[in-house]
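S.K.: The residues making up each chain are set out below.
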Amino acid sequence: MMHFNYIIAMLLITLGLYCLVLKRNLIKLIIGLAILTDGIHMFLISLGYRMEGIAAIVTDEMTSVPSNFAARAVDPVPQALVLTSIVINVCILALALSLSIYAYRYYGTLELEKIRRFKE
Amino acid sequence: MIPHAPILAIFLPLFAAFLMPIIGILSRKRGVNHAREWVAIAAVLAELVIVGSMLSEVLSGQIILYKLGNWDPPWGIALVIDGLGLFAALIVSGISALIVGYSFVSMEKDTGLDQYYTLLMLMLAGMMGVVLTGDVFNLYVFFEIMSIAAYALVAFRRNWQSIEAGLKYLIIGSLGTSFIILGVAFLYGLAGSLNIAHLAQNLPFLPATTLILPLGLFVIGLGIKIAMVPLHMWMPDAYQAAPPPVAALFSGATATVGLYAMLRVVYMLFGAFGIGAMLAGLGLVTMVLGALMALVQRDLKRLLAYSSISQIGYVLAGVGLGTTLGIQGGLFHLLNNAIYKTMLFMIAGTVVYRVGTSNMDKLGGLWKNMPVTGALFGVGALAISGVPPLNGFASKWTIYMAGVEAGQGGHWPGYAITVIALITSALTLAYFLKAFSNIFLGQRPGHLADVKESPRSMMFPIMLLGVLCVVFGILPQIGIDLVRPAQEALMNSGGYISAGLGGM
Chain A
1 MMHFNYIIAM LLITLGLYCL VLKRNLIKLI IGLAILTDGI HMFLISLGYR
51 MEGIAAIVTD EMTSVPSNFA ARAVDPVPQA LVLTSIVINV CILALALSLS
101 IYAYRYYGTL ELEKIRRFKE
Chain B
1 MIPHAPILAI FLPLFAAFLM PIIGILSRKR GVNHAREWVA IAAVLAELVI
51 VGSMLSEVLS GQIILYKLGN WDPPWGIALV IDGLGLFAAL IVSGISALIV
101 GYSFVSMEKD TGLDQYYTLL MLMLAGMMGV VLTGDVFNLY VFFEIMSIAA
151 YALVAFRRNW QSIEAGLKYL IIGSLGTSFI ILGVAFLYGL AGSLNIAHLA
201 QNLPFLPATT LILPLGLFVI GLGIKIAMVP LHMWMPDAYQ AAPPPVAALF
251 SGATATVGLY AMLRVVYMLF GAFGIGAMLA GLGLVTMVLG ALMALVQRDL
301 KRLLAYSSIS QIGYVLAGVG LGTTLGIQGG LFHLLNNAIY KTMLFMIAGT
351 VVYRVGTSNM DKLGGLWKNM PVTGALFGVG ALAISGVPPL NGFASKWTIY
401 MAGVEAGQGG HWPGYAITVI ALITSALTLA YFLKAFSNIF LGQRPGHLAD
451 VKESPRSMMF PIMLLGVLCV VFGILPQIGI DLVRPAQEAL MNSGGYISAG
501 LGGM
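Top to bottom, those sequences are chains A and B.
Quick note on this note's numbering: the first sequence kicks off at 1 and runs consecutively.
Quick note on this note's numbering: the second sequence kicks off at 1 and runs consecutively.
Simulated from the structure, these hints should not be mistaken for laboratory data.
Even for Gly, the Cβ is constructed at its ideal location relative to N, Cα and C.
Hints may be right or wrong, so weigh each one.
Here are some, though not all, of the chain A residues that point toward chain B, as calculated from beta-carbon distances under 7 Å [what the hints assert, rightly or not]:
| no. | residue |
| --- | --- |
| 1 | Leu-33 |
| 2 | Leu-44 |
| 3 | Leu-47 |
| 4 | Leu-81 |
| 5 | Cys-91 |
| 6 | Ile-92 |
| 7 | Leu-99 |
| 8 | Tyr-102 |
| 9 | Tyr-106 |
| 10 | Ile-115 |
| 11 | Phe-118 |
Using the sequences and the accompanying hints, generate a full structural model.
M.R.: And the structure:
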């Protein structure tokens with residue numbers, strides 16, 4: 001039960017990688033990218049989570065008994081990291097989707113086999 | 001050092017980036033021409049001054065520690081500038097300054113230049129962040145800032161090539177950065193810290209088997225970013241489709257930043273000099289395959305892209321040896337590659353600017369029209385092929401010597417590096433001679449009869465780089481002296497750890 005979240009995170013990462021490697025549709029690739037990063041976020045946030053932990057916010061409790069507070073608070077660093085990473089990935093997804101719109105205009109399809117005009 | 005120089009070096013381009021659209025709107029209202037171009041040039045020159053002002057401290061052997069918000073490391077985020085970081089920062093800011101000057105005329109026919117300069121400045125901010133930061137998550141964030149700006153710049157012209165190349169780069173590049181963040185997550189889980197110096201101090205106490213996964217993730221992620229074979233598929237398309245100044249910036253500055261991150265993470269963070277042999281092996285494959293692919297290209301920009309891949313192989317082979325001479329040669333080659341590869345891409349840009357195509361089948365006999373451009377292309381081509389007395393020879397010679405030295409020390413693959421590097425140099429010369437004769441010699445198609453010499457403002461940065469090629473070739477000692485602080489910093493992780501933790 002304790003490691004349930006890690007298992008889910010690894011499943012999501014595997015699913016995202018599977019999608020990126022084997023799917024041949026642009027939208028599915030972008031979905032794969034989103035799932036992959038969500039898995040990574042899940043993993044990252046699990047690292048700092050503790051059962052029935054409290055938020056690491058400056059309160060009276062924190063200042064009065066610091067050691068007690070430290071024993072119960074969750075680790076705030078991974079949360080900050082995930083927040084940053086979510087913002088970055090929103091940017092990437094927005095850019096990817098807007099480029100897909102252009103690709104659809106030029107090629108009339110989102111199948112990767114047909115979006116390939118560069119000569120090797 | 002200018003007070004607060006480390007953070008200014010990141011903030012200045014970031015601030016300039018968000019200023020660009022406002023300047024664009026204001027200048028259109030007031031009818032001022034080229035306002036954003038001049039602001040961009042001022043910003044990159046100021047950037048160069050800021051980075052240069054840190055030179056005296058770092059050259060005297062100091063490692064600058066700049067605590068953001070005055071939080072002590074390892075709790076706060078710190079910028080740590082040692083010889084290696086400043087070396088990369090100098091290359092990045094120098095190349096960027098030339099690129100912005102070059103863009104002035106090169107991009108004048110494009111629309112949406114507000115966005116172009118915004119993205120260029122954002123990319124510069126990201127690159128400076130990567131090379132100056134002392135925090136591994138910060139490294140990831142700045143890498144992403146750089147990459148997102150790069151994806152958008154590749155797709156900037158929005159024709160089918162740039163859209164296709166941009167999408168390919170975006171998907172593969174994001175996969176790479178996902179691997180990097182996953183590696184960061186594993187490191188945080190294992191060691192509970194994000195500060196590079198603190199991690200470097202603590203990782204040796206962890207069981208080595210647990211470190212293989214994060215190290216592998218970092219190597220794959222950064223390998224995608226530097227286009228190490230077999231992770232190079234995105235690169236030729238991206239370089240071919242990007243506007244010429246952007247391609248020049250990629251080959252000069254972005255490749256340097258990627259290699260810097262690779263060295264910082266693998267050698268200093270993990271202290272894994274052991275996998276240098278693997279890097280050297282991959283470097284050899286990269287070098288040969290890049291050169292072989294370049295031989296068959298019909299498009300100048302695509303040829304240069306494959307040649308970039310090949311040159312990155314040289315750097316990897318040099319630094320992968322892990323010896324003093326090898327790292328010196330690899331880093332010197334990194335500097336030289338930034339110089340002549342930027343120069344060659346700029347020349348490709350001037351040809352496209354004057355003729356409108358970089359397809360070598362449709363070019364020919366341009367020597368009569370553009371003799372100066374042709375001569376400079378010749379200098380760049382000879383330099384990259386390692387012909388004395390140009391700078392490519394100096395750094396390649398150092399790598400050959402390092403290979404022989406390793407071979408004599410009982411590591412027979414050292415000889416293999418020297419032999420394969422020599423053969424690849426011959427291949428390089430072959431494909432550049434082919435490119436030169438296709439573009440500048442031979443029959444001139446009739447419609448190219450009245451092509452003019454490249455514009456002077458585009459020639460200036462190219463000439464500057466050409467002069468550097470010759471100077472570093474005739475006086476290689478200058479280059480070696482420039483590289484030595486970086487090499488010493490790379491091999492002195494103990495000094496980095498104690499300085500990065502504020503002398504703890």
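S.K.: Starting from the hint list further up, note which numbers the structure goes against and sort them upward.
M.R.: none
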